[in-house]
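Chemist: The lines below spell out each chain.
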Amino acid sequence: MRYIPSTKEQQEEMLKEIGVSSFEQLINNIPNSLKLKSKLNIPSALSEFELEENILEISQKNANFQKFKPLIGAGTYRHFIPEAQKALLQRQEFWTCYTPYQPELSQGTLQTIFEFQSYIARLTKMEVVVPSIFDGASAAAEAILMSLRLTHKNKIIVSKLIHPHYLKTIKTYLAPHNTIIVEIPFENGLTSLEHFKQSIDNDTACILIQSPNFFGGIENIKTFSEIAHQKDTLFIQIITESMSLGLLKSPGDMGADIVVGNTQSFGLELDFGGPHNAFLATRKKYIRQIPGRIAGETRDKDGKRCFVMTFRAREQDIRREKATSNICTNHNLNVVASNIYLSLMGTEGIRQYSLLNAKIAHYFEKKLLETGKFEKMCEYSYFNEFLITYKGNDINRLSKILIDNNFVPPLLVQKFYPDTSLQNTLLFAITEIFNRNELDSICNLLSQ
Amino acid sequence: MSKIIENLFYSKNDEWLKDEGNNIVVIGITDYAQSQLGDIVYVEEIKNEIKINKGDVLSTVESVKAVSDVYSPVSGEVVEVNQKLVDEPATVNHDPYGEGWFVKIKMINPEEIKELMTSSEYNDFRKE
Amino acid sequence: MRLIFEKSIPGRVGFSLPTDLFDDMKIVELLPDDYIEKDKKDLSEVSEVDVIRHFTKLSKYNYGVDDGLYPLGSCTMKYNPRINEKLAALNNFSRAHPLAPIELVQGSLEIMFKLNELLCEITGMNQFTMAPASGAHGELTGILLMRQYFIDKGEKRTKMLIPDSAHGTNPASAAMGGFDVVEIKSNENGTVDLESLSKAMDEETVGLMLTNPNTVGLYDEGIIEIEKIIHEKGGLLYYDGANLNASLGIVRPGDAGFDVVHLNLHKTFSTPHGGGGPGSGVIGVKSDLIPYLPTPLIDFDSDKNMYIFKDVGSKSIGMIRSFWGNFSVLVKTLCWILSLGPEFLYEASKNSIINANYILAKLKEYYKPAYDRFCGHECTLTGREYKKYGIKTLQIAKRLMDYGYHPPTIYFPHFEPYADETIMIESPESEGKEILDDFINIMIKISHEAKDSPDLLKTAPHITPISQTDDALAVKQAILTYDDELQNKDKLNYSEENINF
Chain A
2 MRYIPSTKEQ
12 QEEMLKEIGV
22 SSFEQLINNI
32 PNSLKLKSKL
42 NIPSALSEFE
52 LEENILEISQ
62 KNANFQKFKP
72 LIGAGTYRHF
82 IPEAQKALLQ
92 RQEFWTCYTP
102 YQPELSQGTL
112 QTIFEFQSYI
122 ARLTKMEVVV
132 PSIFDGASAA
142 AEAILMSLRL
152 THKNKIIVSK
162 LIHPHYLKTI
172 KTYLAPHNTI
182 IVEIPFENGL
192 TSLEHFKQSI
202 DNDTACILIQ
212 SPNFFGGIEN
222 IKTFSEIAHQ
232 KDTLFIQIIT
242 ESMSLGLLKS
252 PGDMGADIVV
262 GNTQSFGLEL
272 DFGGPHNAFL
282 ATRKKYIRQI
292 PGRIAGETRD
302 KDGKRCFVMT
312 FRAREQDIRR
322 EKATSNICTN
332 HNLNVVASNI
342 YLSLMGTEGI
352 RQYSLLNAKI
362 AHYFEKKLLE
372 TGKFEKMCEY
382 SYFNEFLITY
392 KGNDINRLSK
402 ILIDNNFVPP
412 LLVQKFYPDT
422 SLQNTLLFAI
432 TEIFNRNELD
442 SICNLLSQ
Chain B
337 MSKIIENLFY
347 SKNDEWLKDE
357 GNNIVVIGIT
367 DYAQSQLGDI
377 VYVEEIKNEI
387 KINKGDVLST
397 VESVKAVSDV
407 YSPVSGEVVE
417 VNQKLVDEPA
427 TVNHDPYGEG
437 WFVKIKMINP
447 EEIKELMTSS
457 EYNDFRKE
Chain C
22 MRLIFEKSIP
32 GRVGFSLPTD
42 LFDDMKIVEL
52 LPDDYIEKDK
62 KDLSEVSEVD
72 VIRHFTKLSK
82 YNYGVDDGLY
92 PLGSCTMKYN
102 PRINEKLAAL
112 NNFSRAHPLA
122 PIELVQGSLE
132 IMFKLNELLC
142 EITGMNQFTM
152 APASGAHGEL
162 TGILLMRQYF
172 IDKGEKRTKM
182 LIPDSAHGTN
192 PASAAMGGFD
202 VVEIKSNENG
212 TVDLESLSKA
222 MDEETVGLML
232 TNPNTVGLYD
242 EGIIEIEKII
252 HEKGGLLYYD
262 GANLNASLGI
272 VRPGDAGFDV
282 VHLNLHKTFS
292 TPHGGGGPGS
302 GVIGVKSDLI
312 PYLPTPLIDF
322 DSDKNMYIFK
332 DVGSKSIGMI
342 RSFWGNFSVL
352 VKTLCWILSL
362 GPEFLYEASK
372 NSIINANYIL
382 AKLKEYYKPA
392 YDRFCGHECT
402 LTGREYKKYG
412 IKTLQIAKRL
422 MDYGYHPPTI
432 YFPHFEPYAD
442 ETIMIESPES
452 EGKEILDDFI
462 NIMIKISHEA
472 KDSPDLLKTA
482 PHITPISQTD
492 DALAVKQAIL
502 TYDDELQNKD
512 KLNYSEENIN
522 F
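Residue numbers (the working numbering), protein chains in the order written: chain A, 2 to 449; chain B, 337 to 464; chain C, 22 to 522.
Only chain A is shown next, with the shape it has when bound in the complex (with noise of 0.2 Å):
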């Protein structure tokens, strides 16, 4: 087989060296009753031909997406990745090698994931950046497991506008931890600051607050830090579309002391939903209470600069039971593309963009409002993602149209808050893959 050199006969040399005479005496310690007797019942090996073919033929149950764009966002936002990103992570350098464990055979991973925790900080104004955690669910969770280390509290409070899945996971990984979870309602599309303010007390460790929320509102996170902090409340901020970072307030300049950021919308396909990736940042008074992995500079024996994983004191490989986390293996490599994506973006890229974004996006709820099918269903600010009412009945029709059209229809909200006021509410999703012309279509299609 292509995949497994050894021949026959360098199998039975390497035997007679071992000192055997046949492959079953190096495991006649395991129990005869537990060893298989036959063949595993799974297909025989295709050739590449042919599994290729069955791949394709697979894949082409799925709706042609690469004519298919999706008006949905919730979550994960189709952007444009640039041709030079993809040709660099063709690399096998970057994506066949190991975790770098070995600094002098790893400096190329070391030093682009330092890059990255230099990029985040700056965009985010934070000091400490985790540069990989799975993603923003799992890093939300890993957010609050590190507020309740720190204040040794144990009370958190989270809107209900952050992501449903997101809240579904801090649920789950909270579940050994009495911890009591305080859910604050919504009112016009914005976290209620009134229900917060009645929830806080002292023993509330942290709040999260996402932003731009479920909803695409951007929350007011200035007054939401301000009031965490009179409380000794540490105030973590997620953040779904990582785009907006360009253009949106800092979160360190916000009073954030967590931030937690998922950061497929730098690079990353949407990959029906995974591997994609979240950064962690924080202040560095804090640095021994993160989670997973982190690149730090240092020095050889000759002076050169040079990058090493570190602070891992705190790693479940040396700590075990007392480590910060059980993160070993993260999505590294999707570090690699954020941060080629973010070189080639640059300053000036990622400026233009997250403009660009936040217009279309404006520009398109604008149309869709001249039409008369549509209301604004509340009057908040938002950056790339929006709610809007439609007014007709049949709002399923409206969805068939679309996809008919070759768009993915956006979010029916009530399949995730199943409120008779949300009942024909719709989010959409806008980003810089449109087009002015295909956007008035869309609105010409949803119009008859």
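These aren't lab readings, by the way, just hints derived from the structure by calculation. One thing to keep in mind: the hints can contain errors.
[Stated by the list, open to error] Below are the DSSO-like pairs computed for lysine-lysine, each with C-alpha atoms no more than 30 Å apart in a straight line:
| no. | chain 1 | residue 1 | chain 2 | residue 2 |
| --- | --- | --- | --- | --- |
| 1 | C | LYS135 | A | LYS40 |
| 2 | A | LYS323 | B | LYS383 |
| 3 | A | LYS169 | C | LYS81 |
| 4 | A | LYS286 | B | LYS463 |
| 5 | A | LYS285 | C | LYS61 |
| 6 | B | LYS383 | A | LYS154 |
| 7 | A | LYS36 | C | LYS254 |
| 8 | B | LYS390 | C | LYS254 |
| 9 | A | LYS161 | C | LYS479 |
| 10 | A | LYS87 | C | LYS81 |
| 11 | A | LYS286 | C | LYS81 |
| 12 | C | LYS479 | B | LYS401 |
| 13 | C | LYS413 | A | LYS302 |
| 14 | C | LYS59 | A | LYS368 |
| 15 | A | LYS87 | C | LYS135 |
| 16 | A | LYS169 | C | LYS135 |
| 17 | B | LYS339 | C | LYS497 |
| 18 | C | LYS497 | A | LYS126 |
| 19 | C | LYS336 | A | LYS285 |
| 20 | C | LYS249 | A | LYS40 |
| 21 | A | LYS223 | C | LYS61 |
| 22 | A | LYS250 | C | LYS28 |
| 23 | A | LYS286 | C | LYS59 |
| 24 | B | LYS401 | A | LYS302 |
| 25 | A | LYS286 | C | LYS385 |
Owing to the predicted nature of the structure, the values given are computational and were not obtained by experimental measurement.
With chain A held as given, fit chains B and C onto it using these hints.
Modeler: Here is chains B and C on its own, set in the frame of chain A:
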């Protein structure tokens, strides 16, 4: 060969204790402990005036490749903390029995010293 | 090597913009002033050419599986087939939105459904969840569902048994699951001490987490007894599947009585390591634990004749990440299994076991093994004898780099008195005999050098771009971003040679 000082008492967790009289004792970690850890980069801050029981964790010492808990060999109240270790944790490596001391404790049960090892007992203990 | 920030030149661009920038929409009219960052956030300004050159150069400072043997025990660094990469990157898969209406993503759902069937057959389990993103993530998932199982039964169990040889993620995951860890010693054969296990197992214990073959590469033949001990007291048996490469087509954890199994798709199933991920740590369970799995699962609705998401139900532990799983990793796994079929899955394990035993046989007189017996797909040697020449195992590893090899796993596992100064070598089935022979010869050569010219080891590596990093300094100076470096510029005082190499 790691250094052991006479007149000090030793615990099985490689802490040393010096009796200063008046029920005040000084606690630190031994030369063996610091050499096992390697370059110490961080010593967890100990709060002054806290009450501590024998066997409680006083602090955590972190090197690049390991983390070790420092246990209190006696019960009492912390009366002084060595601030030097905050900025210069490597002091524990250079001078574990002198400048690298961790805390001074006022004992509530001086009998507990009897449960510790003498320098020659500790020498045998660590000889293996 | 110079950082991208040091190559930045104001005015350079690496991106392109469409002509229509929607300037008819004025941002000041769209968003309140105090939400917008007035100044641009300073990243870097480099051209596309600069980026290509920068990362091309950086890549050459790495060592990949395509460069040569990666004898890392416990990591299973096998060849990453190219066709799998191509198929996972098909637009219909990579551009599928996870919340698209299911009629648009039947192909993606079919991939996940089919993979579940194959993995169940390979492992002898009844149902897999594809959600966990890594082995450790899978461990946490498994532990949380085991926890929920006992809560549902009304039993209060607070402890988890874990062998001293276990990978650090096992106790870390157990602690995250709220359990106290009870360590079980390994015996002189390298396997779980049955007497200790029997004493420790009680009705307050969830069960045992076991890797089999274990972390020193030995198949624990006591598994039959272990299973009885745990199940007799109503406990559950958890399988850490990191070492499954020794078992494909030979033995199945499901048959051995394991209740929960995690697999490391980026190890056994050939998906790339990516410098530390993404991988996938799918979890398989026996039927009575299915109600506790994370939600949703993929099912086939024969009435509607389509694949659907099925809600696990009210006993589910919930979700452990957003969306459904590391999909592209799942595609690659499916491709690999279909390419090998039953005959070659068996050959994969067979060859990996022969390889490891061959290395063990040839090197044991130079590097005393932790256990002098046949091993599984990896062998554990030690560098103990070289202490007397003043040589640490780390130095043996670093010297290997001078011969063009990535070192094996060192200092893991570590448990007294057997697994000390360990050198754990795994050479998966994708390594041919001549590679092993070359590696063996180099290891022998280094063993001579350790005695005759120890300085070569002490000053190693010599041919790599950097050598012997100061890890303590990294913690002390805590320079974790380029801005940290700028703030410490004067103190660091780097020379041109320090940076430009």
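Chemist: Which constraints among the numbered hints does this structure fail? Numbers only, ascending.
Modeler: 3, 4, 8, 9, 11, 19, 25
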